[in-house]
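J.: These protein sequence lines are chains W and B, in that order.
Counting from 1, position 29 in the first sequence corresponds to residue 29 in our numbering; the numbering is continuous, with no gaps.
Counting from 1, position 318 in the second sequence corresponds to residue 318 in our numbering; the numbering is continuous, with no gaps.
It should be emphasised that the hints constitute simulated quantities derived from the structure, not laboratory data.
The C-beta atom is built at its ideal place from N, Cα and C for all residues, glycine as well.
It is possible that some hints are incorrect.
Here are the computed distance ranges between Cβ atoms for each label pair [as the list claims (entries may be wrong)]:
no.: 1; chain 1: W; residue 1: 49; chain 2: B; residue 2: 206; range: 38 to 48 angstroms
no.: 2; chain 1: B; residue 1: 61; chain 2: W; residue 2: 49; range: 51 to 61 angstroms
no.: 3; chain 1: B; residue 1: 316; chain 2: W; residue 2: 42; range: 25 to 35 angstroms
no.: 4; chain 1: W; residue 1: 49; chain 2: B; residue 2: 425; range: 39 to 49 angstroms
no.: 5; chain 1: W; residue 1: 22; chain 2: B; residue 2: 162; range: 22 to 32 angstroms
no.: 6; chain 1: W; residue 1: 66; chain 2: B; residue 2: 425; range: 45 to 55 angstroms
no.: 7; chain 1: W; residue 1: 41; chain 2: B; residue 2: 104; range: 51 to 61 angstroms
no.: 8; chain 1: B; residue 1: 71; chain 2: W; residue 2: 17; range: 50 to 60 angstroms
no.: 9; chain 1: B; residue 1: 494; chain 2: W; residue 2: 22; range: 27 to 37 angstroms
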Amino acid sequence: MDREKNEFPWETMDTTVLMMPEELLAYHLYRLKLEETRKREKQIVNNRKTIVSYLVREKIEKEEKSRCFQK
Amino acid sequence: MFSKVIHDNTIPPNFLNSILTNAALYTMFKDDYEANKDYFQGLEKEEYLSAMLAFIEDALFSSNIYNIYTDPVDLEEVTEGKLTYIKNFYDDFLLDEFRVDPDSILKTKFFRGMVFANTNDLYASKTKEFGDLFEYIFKISLDYDDIVSILIKEPKRKLEEDEALSMKEFDVLCNYIKNNTKGFVSMNIVTKMLRNHAYKTNHIFDAEVVKSIVASTIGSYLETYGIVVQVEFLSELDRQEMSSYTLEPKRIILDENLIDKFLSLNYTEIFTELFFEAEYLKTRILLERNEVNYATLKSLMLLIVSKADLTRLFIDESYHPTDYDLDLKVSCFIKTLRFFSSFGVNLFSNFNDSQLAKLDLNMEEADLDEFSTKEISLDQRFFDVFEKLKDKTSLTKKYAVLGVLFDSSGNRIKTVDLIKKYMRTEHREFIEEYLDSRIVDPEMMIEDVIDLSSYRPKEESVRNFLERELKYIYIDSFYYSLESYLKLKNGPKFDKDEYLADLAVKINCIKDTPLTHRFIDCALFTIEETQQNI
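Could you build the full structure based on these sequences and the hints that come with them?
T.: Structure, rendered in structure tokens:
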């Protein structure tokens with residue numbers, strides 16, 4: 001098959017690297033969804049904790065940033 | 001292309017075969033149909049033409065158009081004249097149709113079938129008769145490549161330039177996607193079609209277009225690893241039957257229900273499953289090949305951090321280690337969303353909002369020091385797990401890429417020694433890619449900067465590489481390295497203040513030279529900032 005090399009930037013799709021904020025949240029939420037299907041209670045609890053921790057951290061960071069714009 | 005009427009009785013294949021291969025019957029069919037319509041069960045001629053075309057297409061895709069079941073003593077003798085029926089049908093019926101309506105060239109699988117037979121049939125490409133027929137169809141009777149490029153030129157241009165397509169133009173594109181002889185389309189066409197489908201800019205896909213788009217996507221992805229794959233869609237029942245056979249290693253089989261879901265606007269499930277199967281296939285093949293490259297290293301790192309049994313993965317195709325499986329599934333979901341984002345379809349916000357709306361979260365539970373593994377660099381997690389492994393020596397011996405990065409006792413080889421040992425070998429490309437991309441511990445980075453700044457290689461290209469690493473790579477990575485490491489080690493036993501103070505001392509031991517100055521500055525600044533935020 002003669003496909004053009006590097007026709008599509010697949011290397012940018014590699015999710016082993018650190019992800020952008022909305023990706024990180026999506027990752028946690030989808031993971032929780034899968035754990036709920038598998039009914040792994042301990043992992044469900046941990047995932048929920050990770051999500052809330054992440055959301056609170058994001059909220060704090062956002063507030064800190066917006067304070068920089070207030071006189 | 002020939003109109004089909006759907007009714008209870010299909011024309012028996014034996015009868016079709018007779019019409020095609022019996023000279024008298026064929027002549028009667030061709031020249032005297034109306035007068036003998038009763039003989040042909042009162043059906044319209046077009047219905048026969050449609051059935052005959054399907055019959056020929058099936059024969060071409062059967063990988064055995066000559067119906068040869070044992071090795072023939074004389075191949076030419078056994079095959080001579082056997083394909084005349086195809087040429088006759090093509091000359092007498094298809095060519096006229098193509099002349100009158102050139103678009104119909106893309107509506108049939110006939111040409112794709114010829115290419116398929118040429119590649120997959122045991123005997124076709126070895127016989128003169130098939131070779132002559134192939135040449136006749138693709139070059140002499142018409143110039144296939146030329147006419148196809150003319151047919152798709154305007155629809156393709158409009159698609160690529162985001163102009164609205166007419167129904168006819170969209171049909172031409174869809175037919176091209178389904179029936180082109182290469183078996184795949186470019187990712188440019190794939191992404192534009194997907195984007196249009198998501199934004200409903202154009203018209204409706206059918207299942208076959210979805211299959212082709214999916215196959216083209218995964219074909220393109222796996223080709224970056226030198227893997228050629230076939231994608232098949234089977235019903236749940238057929239898939240269950242398949243599982244009792246040993247599957248060929250380079251096939252991906254998906255549930256055909258996923259196509260219906262895609263057409264009902266659930267875009268992510270089919271691609272998540274697709275990438276998931278592709279990752280497993282890719283991982284198995286990379287481990288089998290056991291080459292020294294970054295892709296193999298990453299696959300190994302992921303397996304090792306999730307504590308999967310590598311030996312079992314290698315020999316048992318049904319082995320799906322739970323944590324690895326789960327992480328891979330989620331990663332493939334993110335990959336899917338990233339894939340769609342790359343051509344302007346952002347599915348992240350909708351997904352996040354809809355999922356959050358369903359959850360009843362207690363914000364009091366938040367622990368600001370709680371981090372997920374995805375926020376920690378894979379390299380750091382890997383080193384953390386690997387150095388404690390009991391069988392690290394055997395892993396280093398078994399996997400070539402680990403044998404490059406670790407010594408025979410399973411201890412990490414220092415960066416400066418990696419460069420000294422491998423930069424003038426066939427592993428140079430791997431070493432460069434690895435050193436440019438990894439995020440290791442801050443202490444490792446400091447050690448590297450000290451070692452590398454005093455290393456004076458004779459070769460200019462190695463000197464240039466070193467300079468680039470010291471001037472840019474280590475500086476750019478330090479922040480991520482520190483952030484990630486603090487998350488990895490986070491816990492009651494880890495004293496962040498003490499660690500950061502210690503790190504600052506180590507940095508001050510680096511000799512301040514033009515090459516190291518920026519790193520020292522940047523690293524100290526990063527540490528100070530982090531100390532203030534604790």
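J.: It remains to establish, for every hint, whether it holds in the given structure.
T.: For each hint, the structure was consulted:
1. W:49 to B:206: 38 to 48 angstroms: The hint (38 to 48 angstroms, Cβ to Cβ) holds, given that residue 49 (chain W) and residue 206 (chain B) are roughly 45 angstroms apart.
2. B:61 to W:49: 51 to 61 angstroms: holds, 54 angstroms
3. B:316 to W:42: 25 to 35 angstroms: holds, 27 angstroms
4. W:49 to B:425: 39 to 49 angstroms: holds, 48 angstroms
5. W:22 to B:162: 22 to 32 angstroms: At 25 angstroms between Cβs, range holds.
6. W:66 to B:425: 45 to 55 angstroms: holds, 53 angstroms
7. W:41 to B:104: 51 to 61 angstroms: holds, 60 angstroms
8. B:71 to W:17: 50 to 60 angstroms: At 53 angstroms between Cβs, range holds.
9. B:494 to W:22: 27 to 37 angstroms: Between residue 494 (chain B) and residue 22 (chain W), where Cβ atoms are some 29 angstroms apart, the hint holds.
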